[in-house]
Amino acid sequence: MFIINCPFCGEREQSEFKAGGEAHIVRPKQPTELSDDQWAEYLFMRKNIKGVQFERWNHAHGCRKWFNMVRDTSNDKIKAVYKMGEKPPVE
Amino acid sequence: MTKNLRVKSGKFIDETYRISFKFNGSTYYGFKGDTLSSALLANDVHLVGRSFKYHRPRGIMTAGSEEPNAIVQLHDNSSRTEPNVRATEVEIYEGLEASSQNCWPSVKFDIGGINNFLSPLLPAGFYYKTFMWPASFWEKYEYFIRRSAGLGKSPTEPDPDIYEHKYIHCDVLVVGSGISGVLAAKTAAKNGFKTLLVDEKPYLGGSTIYQKTDYFKINNQTSSSWLEKEINEIKKLKNLEIKIRTSVAAYHGYNFLLARENLTDHLPIDQRKNKIRHRLLKIRAKKVITATGSIERPMIFDNNDRPGILLSSAIKSYADFFGVATGEKNILLTNNDSAYETAISLIQKGINVEAIIDNREEVESKLLYEVEKNNIKIFKGFTVINTFGYKRINKISIKKLSKDGQKVVGSRINLSCDCLGISGGWTPAVHLFTQSGGKLKFREEDQVFIPNIYSSDQLSIGSCNGDFTLDEILINAPKSLKDFLNINNTEYDNLDIVSSTNKSKRNIWLLPSDKVLGKTKSFVDYQNDATAKDIKLALREGFRSIEHVKRYTTTGMGTDQGKLGNMHALGIISETAGAKMGELGTTTFRPPYTPLTFGTIVGRNVGEYFDIIRKTPIHNWHVEHHAKFENVGQWKRAWYYPKENENMHQAVQRESKAARESAGILDASTLGKIDIQGTDASEFLNRVYTNAWSKLAIGKCRYGLMLNEDGMVYDDGVTTRLGENHYIMTTTTGGAANVMSKLEDYLQTEWPELDVYLTSVTDHFATVSVCGPNSKKIISKVIPDLDLSDESFPHMSFKDAKIGKINCRVMRISFTGELSYEINIQANYAKSVWEKCIECGKDFDITPYGTETMHLLRAEKGFIIVGQDTDATMTPIDLQMDWIVSKKKYDFIGKRSLYRSDTIREDRKQLVGLLTENPDEVLEEGAQIVANVDKSPIEMLGHVTSSYYSPNLKKSIALGVVKGGKNMMGQKLIIPMEKKNINVTVADPVFLDKENKRLNA
Ligand SMILES: [Zn+2]
Chain W
1 MFIINCPFCG
11 EREQSEFKAG
21 GEAHIVRPKQ
31 PTELSDDQWA
41 EYLFMRKNIK
51 GVQFERWNHA
61 HGCRKWFNMV
71 RDTSNDKIKA
81 VYKMGEKPPV
91 E
Chain B
1 MTKNLRVKSG
11 KFIDETYRIS
21 FKFNGSTYYG
31 FKGDTLSSAL
41 LANDVHLVGR
51 SFKYHRPRGI
61 MTAGSEEPNA
71 IVQLHDNSSR
81 TEPNVRATEV
91 EIYEGLEASS
101 QNCWPSVKFD
111 IGGINNFLSP
121 LLPAGFYYKT
131 FMWPASFWEK
141 YEYFIRRSAG
151 LGKSPTEPDP
161 DIYEHKYIHC
171 DVLVVGSGIS
181 GVLAAKTAAK
191 NGFKTLLVDE
201 KPYLGGSTIY
211 QKTDYFKINN
221 QTSSSWLEKE
231 INEIKKLKNL
241 EIKIRTSVAA
251 YHGYNFLLAR
261 ENLTDHLPID
271 QRKNKIRHRL
281 LKIRAKKVIT
291 ATGSIERPMI
301 FDNNDRPGIL
311 LSSAIKSYAD
321 FFGVATGEKN
331 ILLTNNDSAY
341 ETAISLIQKG
351 INVEAIIDNR
361 EEVESKLLYE
371 VEKNNIKIFK
381 GFTVINTFGY
391 KRINKISIKK
401 LSKDGQKVVG
411 SRINLSCDCL
421 GISGGWTPAV
431 HLFTQSGGKL
441 KFREEDQVFI
451 PNIYSSDQLS
461 IGSCNGDFTL
471 DEILINAPKS
481 LKDFLNINNT
491 EYDNLDIVSS
501 TNKSKRNIWL
511 LPSDKVLGKT
521 KSFVDYQNDA
531 TAKDIKLALR
541 EGFRSIEHVK
551 RYTTTGMGTD
561 QGKLGNMHAL
571 GIISETAGAK
581 MGELGTTTFR
591 PPYTPLTFGT
601 IVGRNVGEYF
611 DIIRKTPIHN
621 WHVEHHAKFE
631 NVGQWKRAWY
641 YPKENENMHQ
651 AVQRESKAAR
661 ESAGILDAST
671 LGKIDIQGTD
681 ASEFLNRVYT
691 NAWSKLAIGK
701 CRYGLMLNED
711 GMVYDDGVTT
721 RLGENHYIMT
731 TTTGGAANVM
741 SKLEDYLQTE
751 WPELDVYLTS
761 VTDHFATVSV
771 CGPNSKKIIS
781 KVIPDLDLSD
791 ESFPHMSFKD
801 AKIGKINCRV
811 MRISFTGELS
821 YEINIQANYA
831 KSVWEKCIEC
841 GKDFDITPYG
851 TETMHLLRAE
861 KGFIIVGQDT
871 DATMTPIDLQ
881 MDWIVSKKKY
891 DFIGKRSLYR
901 SDTIREDRKQ
911 LVGLLTENPD
921 EVLEEGAQIV
931 ANVDKSPIEM
941 LGHVTSSYYS
951 PNLKKSIALG
961 VVKGGKNMMG
971 QKLIIPMEKK
981 NINVTVADPV
991 FLDKENKRLN
1001 A
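Those protein sequence lines, which keep their order, are chains W and B.
Each residue of the first sequence is one higher than the one before, starting from 1 at the first, in our numbering.
Each residue of the second sequence is one higher than the one before, starting from 1 at the first, in our numbering.
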């Protein structure tokens, strides 16, 4: 069970958090202009990387804020956490 | 009568405290401090069970948690009986009853033993190969497999014991209290670290605590007396908490560990009352030191599994610690110096050692010389090739090993014995280390896997780190502790150490025999009866991956997870396949290290504490009025209110009629409520609902449908505009939390520019819903100064009002199709308002109704319930709710998905009404819908989602989803049931009052 450093609250147990899938998938501003394939790319396609992955997490049983996390899925090491809208740390 | 094999024991056994216990129905005696296995061995009982596949007689093999054979069932009592308990870990207590598992009718005469003679027919993968075909026979095979499998019996009554969970936070956790664990705990605690020391055994000190020879000394004392003083000192340390009988089950990432503290299993039953039996410790440690020791390896040769064959270290432990001789004619087989330590202990205790068979040729060993001095015959360069004796070993055959160790040469020598100790060297107990994500490396010189790369702030010391001898431990552990704890020195930096072990070892994974392998039974995994032959067969059949060989042969898949034999399996694979051990890797050791009881896992979360129960503020009224309740998520909702002898159907019919003919009252407090404020609140609603919200006037209500981004219906409910920038949204009861999360997600991540604030107010407000043609009259009595005229207070509008001093929000909205008012009040006033409505409704025979009637009434109107009439595959178009999807809005959640090639298919399942040919026939929800039963395979068109008998329409009505249903109006379809086919006609889903006249009645 991880210890996650919520950017708003500090270190908390993983059981307080909810994982929210891959980060930095921006909802298209003009969905109606997209082809079925382009929309499907946004809607369904996820990388599911073994290694360093950018993820969304929510401090559901805490401040309820969403934030981003860089995690190595092969060993669960959390490399960074940062607020929504902030640039991911360069890898 | 059985023999007494008790010899002079140390101070660990209290010979003044005699305890009687039962094993397989016979009464035996032991002493306080005995385990079930030591007490049985003291009574000369070796045969304790039968093996899993061949039902071979098996005896106690070890003295610890790695025991593969002595697996017993405790108690006959139907609530406390417990299977799969290791006799080596059971501390005896007055009244203990235990019996052998996996034997029928008795351990001495076992019918399954016939499998032993059939063993040529039971090779590796036997079950996979034999029981696969024909598939239809599986059920029959399964019955016999399960019957003979013999994994003990589970209790048939609820567990009477109490369990609990506890969180522990510490700076340093030390796992294992052997010599290295004790010095680690003392060093950490004395340097200011808040330290926790745990050990699975009931005492501290590991195997050093009974090491009493001059061959192992520290500062001029025997290692045991030196350690004893250390233990006495650490017991006084304030910074150190010590927990015995505490076994670490799992080591997760970020130094989170689970341990089981056993508090009462060693007490007589009558002293356990009202005490916590097991405690699951959830430990978060800043640093972890694993000092989990090592497990002695058995050796693999023909018939290496007979009762009376034990690990050499176990024989030493029984003699030194428990004062029990495991035999009167002992022989030891070894490939290293450990067996000589055992021999010296036995000699000291006056227990006869007949001979030692050493795989090694001439070695310079002080321990060996000491044994030789006692005129004990040592066969150097020999090995055991076979053993004899069915229920107890009585003879062994030995032969000289060839130079390369691949063959045996010379003539066979037979030696009689009643106990054979085997020592194949030591395997570091790296289970916890690997669970934590650590990576091992293989050390060629003594063929062991040792910790290499740590994945957390952790240190392995002592023999679990591959330091097997006293000098290695005492030199290396303090060094690595200094680095790990970042301290300059320890008390142990300048110890005067005497250690006499010669480290040489002649490792042969599979000892040679004069028979061909196919004719031998050389067990690698005792518990699962996997032999060397099985592993070689798996390799011949093409299995290469260690993980595959494990599953095919079931090696390491017993409750002991192959603690003894896994390394030999790897070794045999390595030798046979010509692969390097280090490259093969090990199989994954999974938690728990030793089995946990279910009670430990669930702790206090049993019965009514299993999950949270949510009750509305009106709950007690429902209870007082004999409501039956149904669970909706965590909520208890009034389901129906039976009168006298009414059954559910009768009550629901009565409640439904009353609501339509006069007045009904429903507790709708469980509906999710979200308060939405901010200058962009209207825009926000535009984006999350399918319909338009900007033009909704203040004081008006609107029904909304919320989709997922994939276009499928997610939730629905009525939202009311309370002010220019203020709305209150209602959600389904079950969907409330998810809707809140989803809205927060979009606000925080996609649309952070919107000025919108969300507050969940589900529990703050209660909702009393009064419906029916007389509802207006009742509300006018409840709130006399509220103008209820249609002009001032039309359908789908809201007003603030006061009931006495209580502020309330009254909405005129309807989920039943009747004229209907919902009063929202602060939750703690809800019961009085409810009672006032009942009081004011008396003249109109106001009838409380529950969720079942609510469902019936809305079905008459064709209103959907999200989650019942929809699953995650229904679009609003599929629901024939095109009217609610705005064509004008540029975007909303899910809009783009509504015209994907898949969602615009005409033949998707669509919601329709269904009327049965026989108006009294009520369909079953979930029943399949077809068009044609004559042509097979029958095409399934859909299923029934809601179905009721409508007392108001006096006929059966149903909703269902049917492929292309929208264009099938009036068509006949069939519901095929087990005993008959029911004819139905596709109808409009709105069955009652299509013109909505009743809303304004
Ligand atoms: Zn937080």
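For the record, the hints were derived by calculation from the structure and aren't laboratory data.
Glycine included, every Cβ here is placed at the ideal spot set by N, Cα and C.
Hints may be right or wrong, so weigh each one.
Stated by the list, open to error - Partial chain W-side listing against chain B, Cβ under 7 Å, derived: (1) M1; (2) F2; (3) I3; (4) R27; (5) W39; (6) W66; (7) D72; (8) N75; (9) M84; (10) E86; (11) P88.
Unchecked claim - Residues on chain B that point at chain W, a partial pick, calculated with CB under 10 Å: (12) K628; (13) Q748; (14) E750; (15) W751; (16) I893; (17) K895.
Claimed, not checked - Lysine-lysine pairs mimicking DSBU-like chemistry, simulated, CA-CA at most 30 Å apart: (18) B:K391 x W:K77; (19) B:K287 x W:K50; (20) W:K47 x B:K742; (21) W:K65 x B:K742; (22) W:K79 x B:K742; (23) B:K441 x B:K395; (24) B:K615 x W:K77; (25) W:K18 x B:K482; (26) W:K79 x B:K286; (27) B:K799 x B:K909; (28) B:K966 x B:K895; (29) B:K997 x B:K980; (30) W:K29 x B:K236; (31) B:K479 x B:K236; (32) B:K479 x W:K65; (33) B:K439 x W:K47; (34) B:K980 x W:K18.
Practice task
Mind checking the CB of P88 of chain W against every CB in chain B and telling me if the closest is under 7 Å?
Solution key: violated (14 Å)
Exercise for the section: May I ask you to test the interface hint for R27 of chain W with respect to chain B, counting a Cβ-Cβ separation under 7 Å as satisfied? Expected result: holds (5 Å)
Handout entry: When the least beta-carbon distance from D72 of chain W to chain B is tested against 7 Å, hint result
Key = Given a least distance of 11 Å, the restraint on D72 of chain W is violated.
Problem - Evaluation of the interface hint that places I3 of chain W against chain B, nearest CB under 7 Å - result: It holds, given that the least Cβ distance between I3 of chain W and chain B is near 5 Å, below 7 Å.
Practice task
Double-check E86 of chain W for me: the hint is only fine if its C-beta lies closer than 7 Å to a C-beta in chain B.
Solution key: violated (12 Å)
Problem - Closest C-beta approach of I893 of chain B to chain W relative to 10 Å, hint status - result: Holds. Min distance 9 Å.
Problem - Restraint satisfaction for Q748 of chain B [CB to CB of chain W, less than 10 Å] - result: holds (5 Å)
Practice task
Compare the distance between the alpha carbons of K799 of chain B and K909 of chain B with 30 Å, and conclude whether the hinted pair is satisfied.
Solution key: violated (40 Å)
Exercise for the section: Mind checking the CB of M1 of chain W against every CB in chain B and telling me if the closest is under 7 Å? Expected result: OK, holds: M1 of chain W within 7 Å of chain B, min 4 Å.
Problem - Given hint M84 of chain W near chain B, where the shortest CB pair must fall under 7 Å - result: Hint on M84 of chain W: holds, closest Cβ of chain B at ~5 Å, below 7 Å.
Exercise for the section: Measure nothing beyond the straight line between the CA atoms of K479 of chain B and K65 of chain W; if it is 30 Å or shorter, mark the hint as holding. Expected result: violated (45 Å)
Problem - Restraint check for K997 of chain B with K980 of chain B, where alpha carbons must lie at most 30 Å apart - result: It is violated: about 39 Å lies between the C-alpha atoms, which goes past 30 Å.
Consistency with the previously given hints fails for numbers 7, 10, 11, 12, 18, 23, 24, 25, 27, 29, 30, 32 and 34, ordered from lowest to highest.
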